[in-house]
Structures are given as C-alpha cells and as structure tokens.
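Peer 1: One-letter residues, chain by chain:
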Amino acid sequence: MSEIITTNEVRHLVQSGTDSWEIIIGLEIHAQIVSNSKLFSGSSTLFGSKPTSQVSLVDAAMPGMLPVINEECVRQAVKTGLGLQAKINNTSVFDRKNYFYPDLPQGYQISQFKYPIVGEGLVTVDFKDKESIVVNIERLHLEQDAGKSIHDLSQDYSYIDLNRSGVALMEIVTKPDLRSAEEAKAFITKLRTILRYLGTCDGNMEQGSLRADVNVSVRKPGDALGTRCEIKNVNSIRFVGQAIDYEAGRQIEILEEGGVISQETRLFDSAVGETRAMRSKEEAHDYRYFPDPDLLPLYLDDDFIKKIAIELPELPDQKKARFINDYGLTPYDASILVADRVSSEFFEGVAKGRDIKLVVNWITGELFAALNRLNLDIANSPITVESLGELIDLISDKTLSGRLAKDVFEIMLDTKEMPKKIVEENGLSQITDIDSIEAVVNKVILENPDKVSELLEKPKLIGWFVGQIMKETNGKANPATVNTILKDKLNLG
Amino acid sequence: MIDIKNLNLKQIRDGLQNKSFTALEITESYLGEIDKAKELNAFITVTSDKAIFMAKESDKRISRNESRDLEGIPISIKDLYCTKNIKTTAGSKILKNFIPTYESTITNNLWSDGCVMLGKLNNDEFAMGSSNETSYFGPSINPWKRKNEDTPLVPGGSSGGSAVAVSGSLSAATTATDTGGSIRQPASFTGTVGIKATYGRCSRWGVVAFASSLDQAGPITKTVVDSAIMLRSMAGFDSKDSTSIDLPVPNYETNINKNIKGKRIGIPKEYKIKGLDSDIENNWVDGINWLKSEGAEIIDISLPHTKYALPAYYIIAPAEASSNLARYDGVRYGERVHRKDLDQMYSDSRSDGFGEEVRRRILMGTYVLSAGYYDAYYLKAQKIRKLISNDFDNAFNIVDAILTPTTPTTAFNVGKKFDDPVTMYLNDMLTVPVNMAGLPAISIPSGFDKDGLPMGLQLIGKRFGEDNLFSLASVIEDCRGTFSNPTQWWIEK
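Listed in order, the protein sequences are those of chains A and B. Residue 1 is where the first sequence starts when you use our numbering, and the numbers rise one by one after that. Residue 1 is where the second sequence starts when you use our numbering, and the numbers rise one by one after that.
The hints are simulated quantities; they were obtained by calculation from the structure and are not laboratory data. Be a bit skeptical, because a hint or two may be false.
Unchecked claim - With the Cβ distance kept under 7 angstroms, some of the chain A side facing chain B (calculated, not the full set): (1) Leu57; (2) Ala61; (3) Val68; (4) Arg96; (5) Gly107; (6) Tyr108; (7) Arg288; (8) Asp294.
Think of the CB as a built atom: it goes at the ideal place given N, C-alpha and C, for glycine as much as any other residue.
Next up, chain B with everything else stripped away, as it sits in the complex:
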C-alpha cells in the first residue's frame, strides 16, 4: 500500500507517469482507506468494482503511452452529480433508489480525461445545509478535532463528504457544488482548497438542481495547483446548459503566476461582521500581510449592500428550490404513499420523502412566490441581487481581487446548530454574496485557530477571472507554510 496520506493530486499524476506506482495500486490504496474510514461517513456509495475496472484501463493506457490529462487519478463525486448506472441520491430519501441512465457533463469530462471513480459522496439533502447534517444518510464527520477534545465536529456543508474525503485522504480530489458557500465553507472547515467557478463556467447539466441561478460546480482538493488541474477538466461550454458560457478554458495550472507585484487587493469593510471569530479576524490580517509582502497593493473598499445578501439569498434560493423540487412528487420518484385523493398522495409522499430542512425551504420558497407576496419578497430580493452585483462591479473597477475570511467561525459541534436554522444560515454570510453576483471565489487553508482547527481565507475574483485567483491563492499557500493532515483518529482508535 502506498502512503497516500501525504500525496496530493499533482504528485499522484507525476507518480503514475513516472510509473512509481500503478493506477490500480493507488486506487486500491484509496479503497483501503475508505474502508477504514466508515466513521467519517463521507461516502453514500463506494464503487469499488468500477474503480478497479477503470484503474486497470488507465494502466493499459499508461503502458501504451496513451495517457490522458488525469489518467488513473482516483477521485470521488458529490452525490448531486448524476452518474450513469450508479445510484445518485442527492442525500435524500426521495432519491435513495434513483439510478440515472445518464452521466452529468462534468463527470463525463473527468472520465474522458482518465479519472478513476471511487464513489459518491455524502452531502446535505439536495445541497440544503451548512453542516452535512440534513443528509438522509446521516452526517459526515470532520476529520479535524479540537485539541484535546473528542467531540465530533461538522465538516460544513453542503459538500461535507467532498471536503472530508480530501481532508481525510480518501480521494485525490472530489467534485462539489456551491449555491451559497457549499464548496468554500466545508473547504474552510476541513483545511482543503475549494473553488466555486464563475456562474456559467461549468455545465449544470446532470447535476441535481437546488437553486438554478446560483448553483455552480467546483472541485475540492489539497492544494491550489490540484484545484487548477481539476477545474480545467471540469469546466467548459455545454450546449445542453443554456446558462453555460462559450469561452475557452485556459490552462489554469500553467497560468499560475506567483509574481503578484502591483496586484490590487480589496478589503471590504462590510465583511468585518459581528460574530467574526477573533482568530479568524487575525488570520485575515495575516493574509493581507502575506499578499502585501509579495508586492500586492491593499485597498480598503466598500460593498455597501453586503448585509442584505443573506436575507435576499434566503428568498431567491428557496423560491427556485420550491419549483426545482416539484418533480419529486411520488408519481415518479420516491416511495409513493398511496392515497385515494391526489393532493393527499402528493402531500404524504413528499412529507415522507423530504427531510425537515428541505421541507422548510420548499415552504419558504412557495410562500415568497405566492400571489400577493411576490413583489414584496421575490422581486425585492432580485433588486437586492442586482445591487450586490453592482457593488462588486464597482469594486472591480478599482481592485483585481477581494480578500475576506471564508466563514465567521471554524467547525462547530455536530448537533450544535441543527435545531436553530437561522444561526445555521449565518454560516453563509461571507460566501453568499459571491453566488448572488455569479463570481468565482476560492477558499484556501490559511492557518489554525486556538483550538487547532483549520481556518480559510476567501479570494473573490472578476467574472471568469479564475486564473488570477489561482495565482493569488498560491501565494497565500506558500506564505502560510506547510499544512499538516488531521490525525487519523478514525483508524488509530
């Protein structure tokens, strides 16, 4: 078995090409780790047979010198991406037996580049949650723990399993999705790199929809270079997604330029929110100093409508979700609760198939779109969305990127906020504005708090400015120094 704990995706790619190990060896090593990490509950489905088959195919290609860009690299997929002939649950009871007959565009891109599929990852039900606790399959558990404490912590959400699988070295990289912070917040909670691409950069075709105007894909990885490598494969125009943008995908990896002299970095005062952990605030200052020391110019900016982003988000996202989830009605999906009356059949099937948080958001969304409330809620929220977008446009007239913390706090205890949705929603305060404006943003591990839990910094870029984000993020990664792995308590115990 290879010691995969200390390998990142790029090193695995190099090792496979140098024939230091085979795709089958590395795949079996990951499957072994996955088997030992059941306590982390990162996976909903492990596709061992498929993984071994794909790895053998990759080895054949490598031996014939026909390697593709990501040949033989074992990755895992958030269970929101439809995978052909493999169960795709979206973390919901209503889809617990759903086996798609089609492959999402993004996963198809990854397989075409040679990736090996290890399995499908846990997430909050229909990506609605910030702790992975709304999953029908139970919460995924953060590999990190507080110093001298055994309390299980949440990995964040909704892409909890995706973050845990990377942080716990159960996959070389994972795919995730981000509607209001679902890539960046779990990346920050688990000491991993997570990028949400510009809206329209990655195809949404075949990804179970939560809120269509906000949903966007991205990878979670150990390093910034890994993130660049993964996004290049995932991104691209797709004629099957009308909101996808027809722009060439640059080679993000080779475009990384650590010379950031003269880059202007905006620091928005509105992100110094009440409730921002002091360690995180200090870490933000560290980040500013790192970039400054490398020659970047730091500029104080204002994004005046920031405080309205979260309430507006919690109108728009549920509104779209209430409609997107209407298809799960017991007629085609989920176990139908048989009733003589059609409306009763719908209502009982959906009550049975959806968890509490999903039901709450469907109710909120239905309410804000109802006759008599539409103007006061949905329309007003759309206006706010425009103002938030304008704020960013104005800022980007002055700066090249914006630096903020990713989350107000580090990972919290499992169960702590579960019964208090509003406190839970506050987790997304610093990530949501980016989705509202459709911008790209990356979270980079940037240090540890006093309890030894990872913190993350967020860099927000111009539309389709992912290149620039990777360059700046690499600088932070370098300045921060090496980042340790979590103790593998799930094995040692």
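Chain A with its partners taken away, still in its complex shape:
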C-alpha cells in the first residue's frame, strides 16, 4: 500500500507570479438513490417518462397528504454509509427545509439537518503516479429531490415537471480535504465507483443522478481558511475540474489585487467555462429548518444495520488488494481493473486458469482500446468473457501468434463470432510443424544467395529473412520456430 498523506500537509500549490496559493475544496455530492419508488411515496422513479406522469398526491403536495418513509431508500443509505466506512446513526431525524420555488410543491424539502442517518467516514483516492489521499466524509443524509423547472419552452412562462419531485437523494458531504481540480475529479470518480459497486446510485451524471456542489477557497500555505464560494449543481466530472480551476484563479486574482472574497453562491456556465455570482450571503435563504412533525425520528436497530453489512459486496479497495495479492497484479493494473465493477468481473472471468499477464494485457490493452474507439461500455462489449478466454487459449497453445490473434480479435469485434470458428473459417492457424516451415526457409535461402552472403557481415539482416518467411506463410508461421530453423540453417546458432 502506498503511504497516506495527512490532510494538513501542503500537497499542491498554485504558482502565481512570486506567490503560491493553496486551493481548499469541499464537495457536497447529491446522489440519486436506486429505488423503485420515491423517498416518501409509491410513485415510480423511472427516468425519461412523460413529464408529470409519475406523481402521487404526496409528491404534488395535495392538502392533507402525508409522507411515509420508503424502507428501501433507508437500506440504500445505510449500505452507502457502510461502503464509505462511516458511522451509521441509530437515530436520525427528518427536518423541513423551507423555501418557495415553483418546482417544490410542498414549499419545503424534507431533509435531514441536525441528525443525519450517516456520520463520519472516509474514501481513499489513488493516482497513477503519486501517493494516495484520504478524503474524510463529514456526513451523509437523506432528502427529497425537487421537481424540474423548464424555462426554455416559452417566452412568458416556465414549465414544471414533477416526476423528480420526491425522488430520494443522498447528500454526501466531504470535509475540505481536497487540494486541486485533479483530486476533486479523482474523488468523484472513486465515489461513483463505490456507489456503483454498492448498487445504491447509478452515477449517471448526464441524467442528473449525480450532481456536485463545489466549495472553493484559496489561502497562502499555513494561513487560516479563506472565504469560500459555493458553485452549485455542477453536472459532470470534467466541469467540476473546470469550475475549480476557474474559481480558484478568480479568487487568487482578486486577492492579489488587494480585494476580498465575498461569500456567495455561484453557477458554473459550461458554455464559457466560467463561474458567475448567483446570490450573495445577504441574499442567502433562511431555510427555517425544524423537525418534520409528520415523521417520527428514524430508529435503526443494530440488527438492521448488521444484516446490511453482511450483504455488502466486495468494494473496490478490497478488490484491488485481492487482485494484487491473488493475481500478482501491479497496483496500477489492479486499480484500472477495479475502477468499474463489470471490468473487474470480466477480468476474473477470463483469468480463471489462464496466464494472468496475458489476460491483463489483453483487457487493459486491446479490449479497452477497442471499446474506447467504438465508444462502448464493457457491459455491452461485443467481446465476451468466453470469447476473449478462447482467444487467449489459442495464443497459449500456439495456434495463434500475437499478430494473428490481433487479426482474429478485430474480426471478433465485427462479427461477435467465437475465435476458434474464425480461425477455422479463415484458415488462420499458426504453422508450427517444423517440416512445413523448414521448406519455406529453404526456399527463401535458395532464392536469395546474395542476401545470405551479406548476412555474414550484417547479422541484423536476419530480420529481413524472418519477414520474407512470414510473408510467404501469410504470417501464419510461428516466429520463434522460424528463428530457430533459420539460425540453424545459416549456422548462426
């Protein structure tokens, strides 16, 4: 394991003229819970349905309607808490966060303010070429999502879609432990991996299942924390990075010109890559939180929590450690493979009884490159565990040379056929019998006496002979065998 740096140490500085600055970042991640129905109602949570078609009387805040907690959402929050190695609170309380907005039918959001369901936890974030960091989680709480306002359908009116109203969210709050856009992006990526392993959030940022509020401040190393600005609702990992870099730059510029940062809420405009002021501290809402009298405090007994803990799947960090131990993978290869649960399962499927090095190289090399090129997920890869396994078997038993295997792989991508079948139909199998190869070697030697004499002075010319022989055999000759026979014939041994 790589050494973990304590969060107080200066890790990353931004150089600006003669000054250096430290960027302090904290994140609030809103993760939509995977559940069939909403946090306090039985309505469906399916994405992409007709506007306001999945709205119960509760979601529409009809007079006299009352919320009833969805146990599945509670279980998912606990599961996530355990996945973040966090303390699960036996008692938590739902509060009302009061504010007016047309997409908030109740006029308040049911959330958890003072007593969240999950307390402090941590996430370890790895990097390719530097030491891992630990990001402390402050809390995780349950809350309802609001509906969606659509402002661009009409000049005069805004439209409201209430399908999202009441959908369960987990708000995961980090301590201000992040120090660069790179770290923040890596953290969100890692968190998303954990959530996907747990199956508690699908992490689809483009559908809004994962959104981030980014708190940014800057300071000179060793100084107290500076005034922070909060950038609301950033909806892609790339934008989080851009927003941080822009915002830190903006703050540093103000401070270097002798100005002061005013605490405010800002928006990130992805079209121009800038953050813009939304409201100042003075204009900030007073949410008038108070315990929701329609809901009793949520009590979870230890057995309930234990049962979820037992059912917890293997998490990325544990899997990575196991891959390093059991398969002898390098930490880097292991982290690439565990970054996506499906990739890790794909790897283990192929690895069973096969040459691990070959398997890793094929998956992280050819397969990932191909998927990237075709813009496909491993989940819908045309290459299956079975087909890649068979291909690797054909390499191992020398039926295919590396080069031939690559050709077969390309055909597999196109046709989704099994490699054996492709080899048979195209007569692609490697020539390994010595007699056939010897005949070709003899032929090439006889046809090129001048090259043979040249070879005595320039031993490197042997490559040319190998090339000729491969050409003659359409690449099917086993290169190692060719080399041996050739050296033998030309007395180069």
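Guided by the hints, dock chain B onto chain A, whose structure is given.
Peer 2: Positioned in the frame of chain A, the structure of chain B alone reads:
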C-alpha cells in the same frame, strides 16, 4: 317529516334498525332543517343529491339485513376533511374551488360504516380561530342566545359549524378537529359533547393540516354514547399516517361503565385561572360533587407548567402552520395574482388568498423559526412542551382522569374579540395543554350560566384512555340531568 330535534344518533340508529323510519326519511328531514337554518351558516356545502343517493343505498342494505354499524345515519363533515369530488375549502378563499380526488381516511371509515353525508361544515380558516369568525364564508352563528337577548353569539371555533350543526339538530353527528381546543371549546359553547382523541388515534391522512404535531380528530355529538359510537368508527391505525398508532380500537360504546367507584379524579389548582367566570367555577364544583357522589375519589393535583402552555402553543402551532401552508402559493391553489416577478407573485397571491388571522400566524411562525430566533422561541417552546407532558405523566401516576372547565367563559358576542387576537387566544387556556401532551379529552355539557348559556366540563385522560373518559363523562351527563335544545329562533322568526 320526523321530529329530529329530539333524536340523538343512538336513537336514530335504533329507529332505522326497528324500521320506525327509513334512512331516506331521516335524511330528508335533516336536509329540510338545514334548508331552514341558513341564518346559522353552519354549512359551506350541502350535498343533498349525494345524501339522498347514500340514504337510498342504506335503505336497500337495511331491507336486505346487511346493515353496517352506522347504516343510514346522516352526518356532516368539517370542511377540513378532504372528500372525494366534493369541494373542500378549509374555510379559506385560497381553497374555495378545491375539489379533492381523494377521500380522507376518517370520512372513508364513516362511509364504510354506512353513514350518509349531508354536507361540509363551516370552520375558522385552516382551523385557526376560536369563534368561527375567520372563515372566508362568514361566521357560523351559535343556536344559543342569552336569555331575553337577541345578540348573535359565536359558536366557538374552529369547529364552529360542526358544533352548530349538532346543537341546532342539523346533523345526527359531525366530525371536527382539535389543535388547541377546536372541538372542545365549540362543544362547550353550544351544549354538545366533543372529544379530542389521543394523538395518533385517528388518522390525519386527508385532513388539511394546521399544526401537524397537535392536530387530532374527533366527533361532536349530542350525547356521550353518540360520541363513543362515532369515535369507534373514525379511529384506527392508518399506515398512510406515520404518526398513527397501531393499537386496536375498543368498542367504546359497550365499554361504558358507570360504576366509577374508587376512580381517582385530579383537580389541578392551576386551572383556577384569573378570568374564570364564577358560574363556570361553581359548575366545576358541581362536577366534582357529582363524581364524588358516585364514589370517585377527588384529589387535588398540580400541573405546575400550565401557565406556559398557551405561549408555547402560540409558538409551535404557528411554526408548523407557516410550513404546512407554504404549499398554498398561487402556483397550484387559489387564484394566482399574475406578476412578472416570482416573489411578488407569491406574496400577492398569498396576501389575496389568506385571511388576516392566517397571515398573522404564518408571520409569527416564520419569525420563530428564523435564524437567530429558533433557539429562543421554537426550541424553548419544545422544552416547555416536554415539561407540560411530564406534568401530566406525573399526575397520572396518582389519578385516573383530570376534571377542569372546558373554557373560562361561555359564548361571547359575534365581533367582540375579533380585533383583539390575544384575548381571543385566551379562550384556549384550558384546552391547549392537552394538545401539547397529545392526551385525549372530552367536553360534556354540564349546566347553564346565569344568562342561560351552556357550560362544559372537560375530562382529560391518559394516553389511549378514551374508554375511561366516556365512562366518567356518562356519569356527569346523568347527574347533570336532561339538557334542553336551544330555541329554534332561526325558524320561528
């Protein structure tokens, strides 16, 4: 036409079963009375067609010997209960055209037991008031008048219409709600029986919320037995209300036991407040003597935090109301006042849709929950609430029930206290502590003051001890002797 004036619910139930009259006959008789009593303004909506339809259905069932518990009994519903396809206004302009697509759990229970619906009853706007004068539909008028005086009197509130409809013999029974005395105070002002059940006994689902942690339903009836019959139908666990309690509902009617020998009755000294009418104080002594004469043991007790109940109530109730009423924002309910600016649209729509008292309470509630005031007001009020609850718990270690007057005075003139909210709030002095502790309490007509106006005594019971209250209340009812009906001046005039 049947002389319904002298019939109570139990007698109607017996008459229907004996086939002395049909459900249709009794229903038409009530509709006739309702038609003649427009001056009382008890109804916001009369549902004649529905009543006749339901009555005919009941008659069919009776003829097939398929009667349910309350088959064919004509009742009316406070306009705070949502009724499917029938306008439900909560006494407010903002809901004056609101037609729910759903039926509240309680009314659903009543219809399932065979009740016939006559209409929807007047009440203070969103149940905020003690005189029925804050209703957008004008005040309901008390059927009782002072001897030799023609001054219209208030029926109390907020369930004014519910009390008037029973007292004026316009319904066999009515439903009501009680947040700080809204069942018991109007029952006391109109010579009717009103019980507020234990918090959690009756479902709040489908009842327009005022202050969720205090709101509780109950019936208003002519007699204690009628009250027991009605509450049995209304009460019960409801999985749609998270604060509802899963306990079986006893048969309150058959559980009434007039042998109260050895029952210990607490008399709290703190209820002898300044401003307690001397006739009422004497009536309280009568009540004590009646119970004593039947073998109860009278014990002086102290509920030391009583005086803090009213101020704490006027922090907690408005706080919850300010949030509960946020949904009425002009976006979905009420006539929207069109403005280019969103905040202005909210503010103008709500100013137009809510009456003065509701606006006052929203402002108070918003204030006490605001940042910087929350601890000093809301949190402190919650602590007081706990102390009040503890007072009762301590008392109930010694006594089985507590006897107090229901109100400090009898009914007052329409308009007298309307412009003086604080004096108006004092009406709830003796009823509010019960709501703060979530206890059951019943008001029983117990005599007349020097002006000939009805007075009421309040019995407070242990949590879910409604049985015991009905038994003790029956004894008071017997000892008090027959209770006359008010003169039907609204007809004779």
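Peer 1: Interface hint check: A:Asp294, Cβ to nearest Cβ on chain B, cutoff 7 angstroms. Holds or violated?
Peer 2: Constraint on A:Asp294 satisfied, holds at 5 angstroms.
Peer 1: Can you verify the interface hint for A:Ala61: is its Cβ closer than 7 angstroms to any Cβ in chain B?
Peer 2: Interface hint status for A:Ala61: holds (4 angstroms vs cutoff 7 angstroms).
Peer 1: Less than 7 angstroms between beta-carbons is the criterion; does A:Tyr108 satisfy it with respect to chain B?
Peer 2: This hint holds: A:Tyr108 lies near chain B, its Cβ roughly 5 angstroms from the closest one there, short of 7 angstroms.
Peer 1: Given A:Arg288 was flagged as interface, is its beta-carbon under 7 angstroms from a beta-carbon of chain B?
Peer 2: holds (4 angstroms)
Peer 1: Per the CB criterion, is A:Arg96 less than 7 angstroms away from chain B?
Peer 2: It holds, given that the least Cβ distance between A:Arg96 and chain B is near 5 angstroms, below 7 angstroms.
Peer 1: With a cut-off of 7 angstroms on the beta carbons, see whether A:Gly107 makes it to chain B.
Peer 2: With a minimum Cβ separation of about 2 angstroms from chain B (threshold 7 angstroms), the hint on A:Gly107 holds.
Peer 1: Take the shortest C-beta to C-beta distance between A:Leu57 and chain B; is it under 7 angstroms?
Peer 2: holds (6 angstroms)
Peer 1: A closest beta-carbon separation below 7 angstroms is what the hint needs, so does A:Val68 meet it against chain B?
Peer 2: Because about 5 angstroms separates A:Val68 from the closest Cβ in chain B, which is inside the 7 angstroms limit, the hint holds.
In terms of the numbered hints stated before, the structure departs from none.
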